Structure formats: C-alpha cells, structure tokens
Amino acid sequence: MTKLRTRLGAVFCALILLAAAAPVTIEGQLLAYQDGFVFFTTGDGFRVAPNIVILDAQTQQRAKRPPEARDYARAVFNDSGQVVELDLSTEPYPVEPLPDAAQAFAVTASSPYPNPELAGPPRTTSNGVAETFSGKLVLVKFQVQVPPTTPITAQVYIATDVSGWNPNAIEMDRIDALHFVAIRRMASGTVLHYLYTRGSLQTEEVAANGLSVRPRELIVNDSDTNSTNSVVAAWKDANANNILMQPSVFPTPYNPAPFPNLPTGTKTPHP
Amino acid sequence: MRVARNCENGVRLRYLPLLIVVLILVVCAPGNAQPKPTPSPGPAEAQAIPSTVLRLRADRIEFYYDRYLVEAYGHVRLQTSNGMTITGDTFSMDLRLNRFLVASHVHLRSRGGNLDGAAIADLLDFDRIYFVPVITKPDRWTYENEDFTRPLRGRQMPGDVFYFPNLSHTSISLSATSAVIGSERFVRFAGVRAYFSHHAVPLGTYYVSFAARPELSENSLSGANFDATWNMTGNANSISALHVRYDAYNHGYLGFEQHLAGNGPHEYAVFSISPFTTYDKYWNLVTGEHIGSKFEIDTFQQLYTNQWWLKEPTASALTTYVTMTRGFNRSGLQAQLNQTNYNLLGTTVASPNHPNWGQLTWTSAANQAFKSPLYFQTRFGYGFSHDAYGLQYYGGVTYTTIWNEVVGFTVELPNIKIGDRDKAYALYYINAAIDSARTWNTVPHRVNEQNSSVSLSRQFSRFVNSYLSYNVLNISDLYLQGGYGGSAPLVDGTPYTPFESFRGAASLRTAILSTTYSASTNLVTSINFTHHDDFPAAYPGLFSVPPTNAIGQYTYANYLGQPPWQLTGEVRARLLPHLTLDVQRTYFFHFGDQIWSPSFVVQLSG
Numbered sequence: 094m095t096k097l098r099t100r101l102g103a104v105f106c107a108l109i110l111l112a113a114a115a116p117v118t119i120e121g122q123l124l125a126y127q128d129g130f131v132f133f134t135t136g137d138g139f140r141v142a143p144n145i146v147i148l149d150a151q152t153q154q155r156a157k158r159p160p161e162a163r164d165y166a167r168a169v170f171n172d173s174g175q176v177v178e179l180d181l182s183t184e185p186y187p188v189e190p191l192p193d194a195a196q197a198f199a200v201t202a203s204s205p206y207p208n209p210e211l212a213g214p215p216r217t218t219s220n221g222v223a224e225t226f227s228g229k230l231v232l233v234k235f236q237v238q239v240p241p242t243t244p245i246t247a248q249v250y251i252a253t254d255v256s257g258w259n260p261n262a263i264e265m266d267r268i269d270a271l272h273f274v275a276i277r278r279m280a281s282g283t284v285l286h287y288l289y290t291r292g293s294l295q296t297e298e299v300a301a302n303g304l305s306v307r308p309r310e311l312i313v314n315d316s317d318t319n320s321t322n323s324v325v326a327a328w329k330d331a332n333a334n335n336i337l338m339q340p341s342v343f344p345t346p347y348n349p350a351p352f353p354n355l356p357t358g359t360k361t362p363h364p
Numbered sequence: 012m013r014v015a016r017n018c019e020n021g022v023r024l025r026y027l028p029l030l031i032v033v034l035i036l037v038v039c040a041p042g043n044a045q046p047k048p049t050p051s052p053g054p055a056e057a058q059a060i061p062s063t064v065l066r067l068r069a070d071r072i073e074f075y076y077d078r079y080l081v082e083a084y085g086h087v088r089l090q091t092s093n094g095m096t097i098t099g100d101t102f103s104m105d106l107r108l109n110r111f112l113v114a115s116h117v118h119l120r121s122r123g124g125n126l127d128g129a130a131i132a133d134l135l136d137f138d139r140i141y142f143v144p145v146i147t148k149p150d151r152w153t154y155e156n157e158d159f160t161r162p163l164r165g166r167q168m169p170g171d172v173f174y175f176p177n178l179s180h181t182s183i184s185l186s187a188t189s190a191v192i193g194s195e196r197f198v199r200f201a202g203v204r205a206y207f208s209h210h211a212v213p214l215g216t217y218y219v220s221f222a223a224r225p226e227l228s229e230n231s232l233s234g235a236n237f238d239a240t241w242n243m244t245g246n247a248n249s250i251s252a253l254h255v256r257y258d259a260y261n262h263g264y265l266g267f268e269q270h271l272a273g274n275g276p277h278e279y280a281v282f283s284i285s286p287f288t289t290y291d292k293y294w295n296l297v298t299g300e301h302i303g304s305k306f307e308i309d310t311f312q313q314l315y316t317n318q319w320w321l322k323e324p325t326a327s328a329l330t331t332y333v334t335m336t337r338g339f340n341r342s343g344l345q346a347q348l349n350q351t352n353y354n355l356l357g358t359t360v361a362s363p364n365h366p367n368w369g370q371l372t373w374t375s376a377a378n379q380a381f382k383s384p385l386y387f388q389t390r391f392g393y394g395f396s397h398d399a400y401g402l403q404y405y406g407g408v409t410y411t412t413i414w415n416e417v418v419g420f421t422v423e424l425p426n427i428k429i430g431d432r433d434k435a436y437a438l439y440y441i442n443a444a445i446d447s448a449r450t451w452n453t454v455p456h457r458v459n460e461q462n463s464s465v466s467l468s469r470q471f472s473r474f475v476n477s478y479l480s481y482n483v484l485n486i487s488d489l490y491l492q493g494g495y496g497g498s499a500p501l502v503d504g505t506p507y508t509p510f511e512s513f514r515g516a517a518s519l520r521t522a523i524l525s526t527t528y529s530a531s532t533n534l535v536t537s538i539n540f541t542h543h544d545d546f547p548a549a550y551p552g553l554f555s556v557p558p559t560n561a562i563g564q565y566t567y568a569n570y571l572g573q574p575p576w577q578l579t580g581e582v583r584a585r586l587l588p589h590l591t592l593d594v595q596r597t598y599f600f601h602f603g604d605q606i607w608s609p610s611f612v613v614q615l616s617g
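Chains A and B are the protein sequences, given in the same order. Here this note's numbering is used: the first residue of the first sequence is 94, the next is one more, and so on. Here this note's numbering is used: the first residue of the second sequence is 12, the next is one more, and so on.
It is possible that part of the hints are untrue.
Within a straight-line C-alpha distance of at most 27 Å, the following computed BS3-like cross-link-like pairs (lysine-lysine) qualify [what the hints assert, rightly or not]:
1) A:329 x A:234
2) B:434 x A:329
3) A:234 x B:434
4) B:428 x B:382
5) A:234 x B:428
Bear in mind the hints are in silico, worked out from the structure with no lab data behind them. These numbers come from a predicted model, not from an experiment.
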C-alpha cells in the first residue's frame, strides 16, 4: 500500500513537472512576419528568437519558404516569451482570441487601455434575443402579402443589392391567394437591401400613393431564424382598369376591346 | 362615312352623381391604415457621393463574387481619397462590410507622416483606422475621423479588425491587376481574367455595382432567352454594358446599354440599342426623376429602325410613354400618356397611324373598413384614346377619339386563421379578395371586370405547404346596341361552333391545388394542379397568346385560351450562391385533340 502511494506520488509529481515544462503555444493565422516579430490576425505581435525554427506542420521538416501573411501557423514560445518555433500549416487553424498565457508575451510600446466604444452589453431585438452578429449562417424567411389585384398566375421575386438588383434574383413560392414566401440562409451581420418585384423593374413594388420606394433593409442577426413579414402596397405597372401596360411590348396598336387575343375571324362589335 | 370626334356625353354624365357619392363615401370613410407587419418603405432620400474611393494595384487581385471579397497579393499599393497611400504584401476587403486590411511590411503615408507597420485596417463606415506600427516595438494605434496627427496609442481594438476571410469554401470569379473601389457603390477592375469552370477568359475590364440603391440597375432591354452581360466600365453614377443575347426570333446578337444615375432618389436614365447586329434595331431610353418629395416622372421611349448597321433605315417607328405620379398621404394621382408614330419615314408601305392615349387615375391606399377584417381600396380614372385615322367603326361612325371613365374598388380579407392558434402547423388560413372595375366609353359600350379569388392554405410542417384557390374573372364588353355578333372562326378549315354564342362576355374560372416542399433553402419542389373552366372554351391554336414582357411572362394575367387541365411539376435548385436551376414540366390534358401534351422548361438564372 505504501509502495503504491509512493508510486502514485511520483507519477503525480512527474506530471506536474511535465506540465510546468510544457511550452506555451498558440495557433492562428499570420498577419505579418517582419522586423523580428511575428504578428497574428488578433493584431498581437511577438518577438522572434534569433534561432527560430520554421517548420512545415505536416511534415515537421524545415519549411521551404519564409512565413507570409495569411499562412496558418502554430507558434511555440520559450520561457522569456520569444517565439522559438513556427509551424506553418496549409490546413486552417481556428482563429480565436489569444489565451491568457500567450497574451502576456505580446509586445506593445504603449500601455493598453479600454475602448469605450467596445464597452456595454449587446443590444437586444424586439423578442429579447441578443442582437449579435457572429457571421454564422441563419435562416431568413421572407413573407410578403401582395395586392389583391396581383394576377393569380403571377410570380413574385426579390431583387437585392447582393444580386446587382437582378429583378428576378430570388423566386418566391406562392402559399395562398395573397402571400408568397422565400427562405434563404444568410450570414448574420448581412445588411440586405431588397425590393419585391414581379420579375422586372417595371413591375417592382411602389408605395400606396404610387411613388417609388427606397429599398427595404434587413440586418440579419444571430437568431436561429430571422423573419420579415411585409406588405406590398401596389405594383408599379398597376392601373385603373387592370390592363397591364408594358412598355417593353412594341408596337402595341390600340385595341378598344378588352379581349386582346380573340381569334381571327371574330366579328367586331356592331349595332 | 361620318367622323365623330366625341359623343355620348350623356352616358358619361349619367354616372357623375354616383361618382360624387362614392367619392364622398371614400373621403368620409375611416382612414385607418392597413396594419402592415413591415411598413412599406418611404420615398428614398438623397444619398451623398461615396466618401471614399480606393485605387488598388497589386501583382494579383482576386474577386469573389459570391461574397463580395476583393483579395490582393504581392506589391500591394493602395491610394485612398482621404489622403492615405499604403503599400504592403497583401490586401483584403469585404465590400459588403465596407472595411479593408493591408498587412505585412506595411508602409503608411498620410498627413501624419510616413510610418512602417505590420497591418492597417480601415472600417470606412465608422471612420476608424486601426494601425499596428512597428517603430522600435509594435504598438496599436487608432485614428479617429481621419485625424492622422493624433493617434490614440494603446487603445483596445475590436477583436476581428485584422482577420482575413476564410476562402476555402468559395471560388474565384475573376482576377485583375488593378481596381478602383467606390465604397458602398462599385468596383471596377482592369487587367481582368474571368473564370468560368476554372477556365480563364481575358476580359480587359469589368465593373460590379453593389449599391444599396437600384437606380443604376434599371434596364431598358426587352426579353431574351439568354443574356450574358459584360459590364465593361462604370463609376458611382454610370455603367456601360455589352450584352450577348439570344432569342428565338433574332437568334444570337449583341446589345449595348448605358446606365446613368444621379445621387438623388429615383434619378436615372438608361439608353440601349438591341439588337445591334441585326436589321431590326430597338433604341430604348428610360428615364426617371423625383421632383420635390411627392412627385415623380418616368418616361420610356422606343425607336424602331430597320437598317443594316448605321446605314439609312428602310422603316422606323417611335413610341413614347410618360408617367407622372403625384403622391398624397393616403392616395396617389397618376397621369399616363402614350404617343406612337408607326411611320417616321413617310414610306407608303408602313401604317401612317400615330395614335395616342392618356389616362388620369386616382387610387386610394388600402383602408380598414370600420375595424373589421376587411380592407378596401378605390380608384377612379379618366382618359382618352385618339387616332386621326380612326379607332373604331361602330354604328356607321368612325371614332377617332374615345373617352373613358373608370371606377373600381378592391376589397380584401387577408389571413383569417381557422383552427388551434397555438399550433402553427394545424392552422388554416383563408384569404379572399374581390376587385371590380367598370369602364364607360364614349363609343356606347361599357366594360365590366370582376375578379374574385379565395384560397385556403395550410403549412403542414416546416417543409410542406399547400393551398387551394379558386379564382373567377368575369369580363364583359356590353354595347348599348348590338355588340359582338356570333361567329365561328375557322380551325383547320372547320368552323369552331362553340364560339358562336360569345357575345362579349367572358368568364374565366381557375381552380388551383398546389403543394410546395422546401427540402432545404437550396432545393424547392412543387406540384401544381390547375383547372380552367372558361367561356369561350379554349381550343389549341384558336386564341393567340398575349405578348410577353421582358422575362417572358404574359402581359395579360388572365387570357382566353388556356388549356383546361394542367399539371405542373417544378424543381428549383440553387447550384451556386448566384446560380439557380429551375426545371419545370407541364402536362396539358384533354386540350382539343391533345390528350397528353408535355411542355418542358429549363431555366438558369443568376
């Protein structure tokens, strides 16, 4: 029993010694390698030891080229906080904030002080979700109610600034007589400007008073699902007697009858 | 033959009291705004010219269209319109986030002097520049509001200002040797090689607009089956584009389009010529102008010429549309005018007609009817059509001018829920709408149009949605005396007798049962069963189809001649962030002699 206790104690001490001796390392993406410093994309710069070893992380052989910006790398520090080994990798490392142990090795000429613009809790949305923008992909649901004069066979699209205002960029699906839906996956933080159209900018939405509208804006946040529920007040090409005026059709001889496609041979109206 | 310029004032005046009563009712009705989950956006406001223009040169510049990323490598040199010149080894800019980064062996020349550093990032939207200078030791400096003389030394920076984007899941769209970037508006590349399936095609220059305003994207080209656009050059206010197009009539041809946009709202002009390489040429001009805060004017002009290149044309015609809109708080007044000259050259072959028409329309916004779930909208119109050569011959008179008055209203019942409101997937929704309009003409006839629709819909799960809708459109063209006489048009030499009973009243009834399955955001399938029960009954080839608009849709939503039974299946898959494949197959049943008539549509859009 005593022997076992002694052995366990020895193993424990060895582990502590090993842990104490393990060098500090960080992984990330390089911002620069210059002037005796290596910089990571966190913005932190670390002094490079004169005898630094640059390795290929995959082969553990000496790297064939010096480190460059955008390289992924693992830095190994010595006790004095200098980088003694840099393992360059073609596989991306996660880009994360520095661990505290490495933070102490970062070299700065000025003493850091807090930035008041970065203080304060994040804003919350109307449903109490923190309005943060991490860049993760979230579902965005667009639902729109169209004017009742919209033809039952009409198709509705979304034109966005992301698609160069292509008027039929996102096709929507009709879900009943008055509503259309489209669901897309977008990165949170996306600021999307968009308009509803019926397939061309001559058939885009306008305000209830007929004037053109400025594009709608959607800021995608980190909620699992972002929803917009909109109403189109009117279409640009609507007019009083519902005959759709299409300037792109030419020539358009005036036809006083409401049946533009009666078969040839039909007698014209007569007393 | 007698020529009458105007007549039947009695017909018009007879309904004047009714008009006045309806107008009073509408004006006195409660003007509760329709509850809008997202209010309709207001008129656009003037936008400033982009505050920053970046001129970038590098050994290699790459553009990733799907993420609006500009990445540059080797001997990067960046000049900014706010007075910085930066050199470095690499550059990265997210055009959507409006921020850039230059890293590695950075040299900054600014009003604050010359400095060397490891990286500099500019968050243009916030007027914050973050710099990592290396003097004797690295430091962190923040410049506020372009004040390069007083850096905030040591101030904490946002954690991600020096992050490069992860490009592992995206592919390069084009490479270049220089670029001009107008922040939040455009990027123009030079020395361009565009990549199509990893094959590089030299293009010289390329322009991309990503402005939040659509004015520069207004287009004036008519529809085509295929269009590849090369935006050759441009800036914050213009784009010059060459179009390589194909359609069934002209086959392959070239078109050119010049876009211009002002900095104010709804200020644009678009000129195009297309096809340019065939005899039939269409020269289009589209303009828009916002005057004051409540008035807009839009124009469209199309000049047709039949000529080889720019030689003397053998035929030419011109049509002009002008639309003027005056907006009020809860309604709008719109005037539309059109003039067409079918024969600009005076040749005897072409029609000498030059008809014109105008229409003045007042339309109200949707108003809630006394706190009920109903919403109503009214409209009135007054207009004319004129053709000195005659518009219509009726009763021994050739009418050269026909005046019309229009009264219409719309009632809608949106989103009535039936079922357990706590269970979203068990709810049924009823939507209904009635639209009715009557047009009185000075040729003694009136046109009635009633369009009624009702639908029942349900979301069965997150993926499946179905609806059943029924739509009835009644159009009648009723003459005080006479009207449409019975006739039997010939179909393949045989009179089509069912048409004999047509007397100017058509009824188009449409029932649709549709189910949509959204497997993911990138794959949507739907199946749609449609039954048309129309009078006059359709027959293949008897009725011509209406003309189509720019994207091939029929300009008349409801038209005579639709097959009675249709089954349509559609699969829409997003292959790339900017490329969607739409495969649609429709079967027509029992349409004339056709028992089973498939129609196949494949559409690629981006």
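Worksheet item: Against the structure shown, which of the earlier numbered hints fail to hold, in ascending order?
Response: Structure breaks hint 2 only.
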